[in-house]
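Put the complex together from the two separate chains, hints included.
Now for the letters of each chain:
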Amino acid sequence: MLPCYCPSCQAQLKVKSLRCEKCETEVTGNYELPTLALLSTEDQKFILDFVRHSGSLKEMANQLNLSYPTVRNLLNGIIEKIKSYEK
Amino acid sequence: MKSNSFWSLLINPFTRLGGWKAFFIGLAILLITTAVGYFYEVAPIGLLYIGLVEDPQLSTILICQLLVLAVFMAVTYIVALVSTKNVRFQDILGVTTLSQSPILLLVLGTLPIKGIVEAAINFMKDGDSTALNQLQSVGSYVFILCVAIALVAILIWYILILYNGFRTLTDLKGGKSIFIFIVVLILCDVLSSYLICLLTDGTVNRFAFL
Numbered sequence: 113m114l115p116c117y118c119p120s121c122q123a124q125l126k127v128k129s130l131r132c133e134k135c136e137t138e139v140t141g142n143y144e145l146p147t148l149a150l151l152s153t154e155d156q157k158f159i160l161d162f163v164r165h166s167g168s169l170k171e172m173a174n175q176l177n178l179s180y181p182t183v184r185n186l187l188n189g190i191i192e193k194i195k196s197y198e199k
Numbered sequence: 008m009k010s011n012s013f014w015s016l017l018i019n020p021f022t023r024l025g026g027w028k029a030f031f032i033g034l035a036i037l038l039i040t041t042a043v044g045y046f047y048e049v050a051p052i053g054l055l056y057i058g059l060v061e062d063p064q065l066s067t068i069l070i071c072q073l074l075v076l077a078v079f080m081a082v083t084y085i086v087a088l089v090s091t092k093n094v095r096f097q098d099i100l101g102v103t104t105l106s107q108s109p110i111l112l113l114v115l116g117t118l119p120i121k122g123i124v125e126a127a128i129n130f131m132k133d134g135d136s137t138a139l140n141q142l143q144s145v146g147s148y149v150f151i152l153c154v155a156i157a158l159v160a161i162l163i164w165y166i167l168i169l170y171n172g173f174r175t176l177t178d179l180k181g182g183k184s185i186f187i188f189i190v191v192l193i194l195c196d197v198l199s200s201y202l203i204c205l206l207t208d209g210t211v212n213r214f215a216f217l
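Order-wise, the sequence lines are chains R and L.
So for the first sequence, the working numbering puts the first residue at 113; every next one is plus one.
So for the second sequence, the working numbering puts the first residue at 8; every next one is plus one.
So that you can see chain L by itself, here it is in the shape it has in the complex (with noise of 0.2 Å):
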């Protein structure tokens, strides 16, 4: 019973978190993101792309952040009035924060192959192929094989988190709920993206691991 509660937890933590709870929770998991974004230069690209940064400021880490972080809170917050009317700020803010924090594991996942996307962005601009050509193992294939794998989880995971925090928050069920967050997701991506490359001033690399 309580191995089950922590699983339904794990999937929605929504049920008991909200509110400012869940904001301070996300906005901690947000900044610890960031200082390991900064340190290895990723950051999300996009509500569902974590890719590389050229010599990064912190700010411009932050930006990336809290720019995915905004244009999810602002289209989930006008679904929500048009859904239920009833809807808190504090929950919105809460849940919503709270929703991004497996960008941290998305961005840590993506450290053991960061020199492989490295050597494949080099290849692709310069035709530099010496670093690639280091890494054509069996044994490297396998290993990007395992991290490709534990990282389609993990943004599978990500997805079923953003889906339930915006089913709390606009209590829409059944199938209108799931068209309705597939199109929030496909504008919010889209959005977040466009705005992350006009204001970083494509400092951003758009090669994204995911």
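Chain R with its partners taken away, still in its complex shape (with noise of 0.2 Å):
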């Protein structure tokens, strides 16, 4: 999983350089990670599965196995991540 925190004081990492692995070509600067990586692999696992239905979340549910007010909450959750990281 991509670390977005610092394991020192727990800020949040910035992207410093990336490689082309085909001709070892790299790009350094100071990049934002996108706000989708902050998330945890759960929340970024939802979020997929949430496109792939289309948006239902009464299909989550079933694929879940949870009931919908369940799934509506998780999607809230996320919800507030994400503003809280746009913040």
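Treat the hints with care, as some may be off.
The calculated lysine to any residue pairs, modelled on SDA-like cross-linking and capped at a C-alpha distance of 20 Å, are [said to hold, decoys possible]:
| no. | chain 1 | residue 1 | chain 2 | residue 2 |
| --- | --- | --- | --- | --- |
| 1 | R | K195 | L | K28 |
| 2 | R | K126 | R | E138 |
| 3 | R | K170 | L | D178 |
| 4 | R | K193 | R | E133 |
| 5 | L | K28 | L | L100 |
| 6 | R | K195 | L | K92 |
| 7 | L | K92 | R | N177 |
| 8 | R | K199 | R | L151 |
| 9 | R | K170 | L | Q97 |
| 10 | L | K183 | L | N19 |
| 11 | R | K195 | L | N93 |
| 12 | R | K128 | R | Y143 |
| 13 | R | K193 | L | S90 |
| 14 | L | K121 | L | L111 |
| 15 | R | K170 | L | K92 |
| 16 | L | K28 | R | S168 |
| 17 | L | K28 | R | E171 |
| 18 | R | K157 | R | A123 |
| 19 | L | K180 | R | D155 |
| 20 | R | K170 | L | K28 |
| 21 | L | K28 | R | N177 |
| 22 | R | K193 | L | K183 |
| 23 | R | K126 | R | Y197 |
| 24 | R | K193 | L | D178 |
Derived list of chain L stretches under chain R, where covered just means 3 residues or more per stretch with a C-beta under 8 Å from a C-beta of chain R [as the list claims (entries may be wrong)]:
| no. | stretch |
| --- | --- |
| 25 | 25-35 |
| 26 | 88-99 |
| 27 | 165-179 |
Here are some of the chain L residues that sit facing chain R, going by a computed Cβ distance under 10 Å [stated by the list, open to error]:
| no. | residue |
| --- | --- |
| 28 | P20 |
| 29 | F21 |
| 30 | T22 |
| 31 | V102 |
Derived from the structure by calculation, the hints contain no laboratory data.
Keep in mind it's a predicted model, so treat the numbers as computed, not measured.
Beta carbons are placed, not taken as given, at the ideal position from N, Cα and C, and that holds for glycine.
Structure, rendered in structure tokens:
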């Protein structure tokens, strides 16, 4: 999993360099991590499943074997996290 | 793992059940509770109270059940609309109806001590202590204590189910959800007790088991 927070002070990490494995070119800079990458693996999986099901909470509930309001609350939790990252 | 899943489902069935499915299960249990209550002359007389009903009609027991449910449903719906805007009506209907299911166990749990309560009521009304004196033995005290402990355990389970249903519907978390739930619980109890008293013309006995 992509590390997003500093193991020493817990501050949010930034991308310093990206490297091409084919020609070994390295691009360096100070890039922000995308908002989705900041979410936990479970939350990212939830979002991917949500998109795969065309945004249907009802189908998500069936797939996860959870009730509709529980799935809705999970989504609300992710929305809250995204809002806090974007602040 | 399976055992853990069973216990978590027993305390919070709403992670798996919601909407119309929960409503029909809850409705079936509510009708069974009404039938048992009619047969043994016992009914819910508030959100957290079970009481005696003198010579009840089936409609009286059903009114008590439905009033308790309707008040809890209405108050929860209002809180849910304020706290989370995308709540479905069928979820409110299903979760609140299913959350009333432990009342069946509370009604059944009061049956072993019904005679004792009736004797106590007669003593308080007419000063007739004959029946009450007959019950005064060490054995009956132990029996009453055991039934009381069981009833308190069922009551705690009932409140937990109500809380989990409330939390699922309103999406409130932490201390805020506990505080608002306590306010809702007290409000619903007072309101449903008052409405039951009003609509049943006082035929429901105010001497409550719980």
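Evaluation of the provided hints:
| no. | hint | verdict |
| --- | --- | --- |
| 1 | R:K195 <-> L:K28 | 33 Å, violated |
| 2 | R:K126 <-> R:E138 | 16 Å, holds |
| 3 | R:K170 <-> L:D178 | 18 Å, holds |
| 4 | R:K193 <-> R:E133 | 33 Å, violated |
| 5 | L:K28 <-> L:L100 | 10 Å, holds |
| 6 | R:K195 <-> L:K92 | 17 Å, holds |
| 7 | L:K92 <-> R:N177 | 24 Å, violated |
| 8 | R:K199 <-> R:L151 | 15 Å, holds |
| 9 | R:K170 <-> L:Q97 | 13 Å, holds |
| 10 | L:K183 <-> L:N19 | 19 Å, holds |
| 11 | R:K195 <-> L:N93 | 18 Å, holds |
| 12 | R:K128 <-> R:Y143 | 7 Å, holds |
| 13 | R:K193 <-> L:S90 | 17 Å, holds |
| 14 | L:K121 <-> L:L111 | 15 Å, holds |
| 15 | R:K170 <-> L:K92 | 17 Å, holds |
| 16 | L:K28 <-> R:S168 | 19 Å, holds |
| 17 | L:K28 <-> R:E171 | 15 Å, holds |
| 18 | R:K157 <-> R:A123 | 24 Å, violated |
| 19 | L:K180 <-> R:D155 | 18 Å, holds |
| 20 | R:K170 <-> L:K28 | 13 Å, holds |
| 21 | L:K28 <-> R:N177 | 13 Å, holds |
| 22 | R:K193 <-> L:K183 | 19 Å, holds |
| 23 | R:K126 <-> R:Y197 | 14 Å, holds |
| 24 | R:K193 <-> L:D178 | 15 Å, holds |
| 25 | 25-35 | holds (count 3) |
| 26 | 88-99 | holds (count 5) |
| 27 | 165-179 | holds (count 3) |
| 28 | P20 | 9 Å, holds |
| 29 | F21 | 6 Å, holds |
| 30 | T22 | 5 Å, holds |
| 31 | V102 | 7 Å, holds |
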